[in-house]
Amino acid sequence: MKLDGHAKLTNAAILSFSVNCAKATEILQKDTMCRLPQFSTLNIDWKDWMNSNEKDNSNLAYYLAVQEASIIGESMHPLQRGYLTRETVAVDIEPLKLPLHVLASGQKYHFMRDKSDKTVKNAYNKASAFVHANAQRWVEKMHYVLYQHRPQGRSGHSTIAQRRDAASCLALALHSLQDSFSPAHTRRASYKTPNQPGAIEDMYIYSEQDHNKHSAHDYESGSRQSLHAQSAVLASADLMKLCVASVSRKSKTLSGWNSYREKWIKLSPKAA
Amino acid sequence: MIKKAFIYIGAWVLIWVFIWIVFGGYLPKHAHFDYFGIVSPLLLLILPFYGSQLTDDAYSLIIFPGVLFWAVTILIAVIVKKKSTSGASD
Numbered sequence: 214m215k216l217d218g219h220a221k222l223t224n225a226a227i228l229s230f231s232v233n234c235a236k237a238t239e240i241l242q243k244d245t246m247c248r249l250p251q252f253s254t255l256n257i258d259w260k261d262w263m264n265s266n267e268k269d270n271s272n273l274a275y276y277l278a279v280q281e282a283s284i285i286g287e288s289m290h291p292l293q294r295g296y297l298t299r300e301t302v303a304v305d306i307e308p309l310k311l312p313l314h315v316l317a318s319g320q321k322y323h324f325m326r327d328k329s330d331k332t333v334k335n336a337y338n339k340a341s342a343f344v345h346a347n348a349q350r351w352v353e354k355m356h357y358v359l360y361q362h363r364p365q366g367r368s369g370h371s372t373i374a375q376r377r378d379a380a381s382c383l384a385l386a387l388h389s390l391q392d393s394f395s396p397a398h399t400r401r402a403s404y405k406t407p408n409q410p411g412a413i414e415d416m417y418i419y420s421e422q423d424h425n426k427h428s429a430h431d432y433e434s435g436s437r438q439s440l441h442a443q444s445a446v447l448a449s450a451d452l453m454k455l456c457v458a459s460v461s462r463k464s465k466t467l468s469g470w471n472s473y474r475e476k477w478i479k480l481s482p483k484a485a
Numbered sequence: 003m004i005k006k007a008f009i010y011i012g013a014w015v016l017i018w019v020f021i022w023i024v025f026g027g028y029l030p031k032h033a034h035f036d037y038f039g040i041v042s043p044l045l046l047l048i049l050p051f052y053g054s055q056l057t058d059d060a061y062s063l064i065i066f067p068g069v070l071f072w073a074v075t076i077l078i079a080v081i082v083k084k085k086s087t088s089g090a091s092d
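As you go down the protein sequences, you meet chains A and B in turn. For the first sequence, our numbering begins at 214 and goes up steadily by one. For the second sequence, our numbering begins at 3 and goes up steadily by one.
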């Protein structure tokens, strides 16, 4: 998926999550959880806010390069609007994460398979465990921020760093999850309803693909009109809800992961 | 001499960026990030710290462009040094 595709899908997921989260306030007990600054959209001057396109992709690359350059300066400031969206996109462009594109161990960040993975199941296990582990980290970090942290001293110790780390972890999970819906990354069984995506039948190896076709598929899956994009938005919103629900129950562990995985990133029995 | 070397290397960096922006469509690029080549010299330096197996794309995206960049940079430094040494001996 392209940079602007990830941004537009994450923004849409945040909006969907916010609406559903507010509705489910009684279940989640604390509506403040729904209004965490992390769950705010990244608003830049999109040419087309619905569909992934070259102009928005280039503009976002430039915007992120400037933001990444100032990342040291912002370390002690509260989280900026759209931080989660920015971090989700940054997995593709952040200097220290860029080499992951060409490393065997980095393929799970993009829900892809490496040549060294003997079977699709092997690659799938790594990628799904990666999504789970990072969502779990968000829960642990936010549990600390909300329930365990004890302010000390006159002004108290800030939890900005922990909140930032938490958002970065969730961003890793969201990035990989969204990529799992791109036809350039995986092949899913055909489906017609975004809420019931097909099981994953294959995971592709980037170096064995036609890179131009990969790029075209990535634009398509980042466009909100496509079925894959609609599924990615719903799956992302559902993951946010799962994380928030776990923390609001004061749990340190991500609950409901197995049913979530069965619904959104199920591995087909056909997968070799 | 150092000032001269910095000017030449600075010019080379600008040419490098210009080449990747203008001719990016004809040069190796990753589907997720079009300007991979521009940062390949820096990525080449940090790549050994990751300690993971490289995929086939690592060569065209990072290793070959990165090695080319540093080879030209070193060549510029050597030429500038030689010129300044021969100029001083004259």
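Keep in mind that the hints are not guaranteed to be accurate.
To be verified - List time: in silico PhoX-like cross-link candidates among lysine-lysine, alpha-carbon distance up to 20 Å:
#1 Lys268(A) / Lys31(B)
#2 Lys310(A) / Lys5(B)
#3 Lys31(B) / Lys83(B)
#4 Lys426(A) / Lys268(A)
#5 Lys85(B) / Lys6(B)
#6 Lys339(A) / Lys426(A)
#7 Lys6(B) / Lys83(B)
#8 Lys83(B) / Lys426(A)
#9 Lys310(A) / Lys405(A)
The hints are simulated quantities; they were obtained by calculation from the structure and are not laboratory data. Just so we're clear, the structure is a prediction, and the values are computed from it rather than from any experiment.
Do the hints match the structure? See the list:
With a CA separation close to 17 Å, the supplied pair lysine 268(A) and lysine 31(B) stays within the 20 Å bound. For the suggested pair lysine 310(A) and lysine 5(B), the alpha carbons sit about 34 Å apart, so the restraint of at most 20 Å is broken. Restraint check for lysine 31(B) and lysine 83(B): the C-alpha separation of about 34 Å exceeds 20 Å, so the hint is violated. Between lysine 426(A) and lysine 268(A) the CA atoms are separated by roughly 18 Å; this keeps the pair inside 20 Å, and the hint holds.
Pair hint lysine 85(B) plus lysine 6(B) holds up; C-alpha atoms about 11 Å apart against a cutoff of 20 Å. Restraint check for lysine 339(A) and lysine 426(A): the C-alpha separation of about 25 Å exceeds 20 Å, so the hint is violated. Proposed proximity of lysine 6(B) and lysine 83(B) is supported: the alpha carbons are some 9 Å apart, at most 20 Å. Taking the CA atoms of lysine 83(B) and lysine 426(A), the gap is near 47 Å; set against the 20 Å cutoff, the hint is violated.
Proposed proximity of lysine 310(A) and lysine 405(A) is contradicted: the alpha carbons are some 35 Å apart, above 20 Å.
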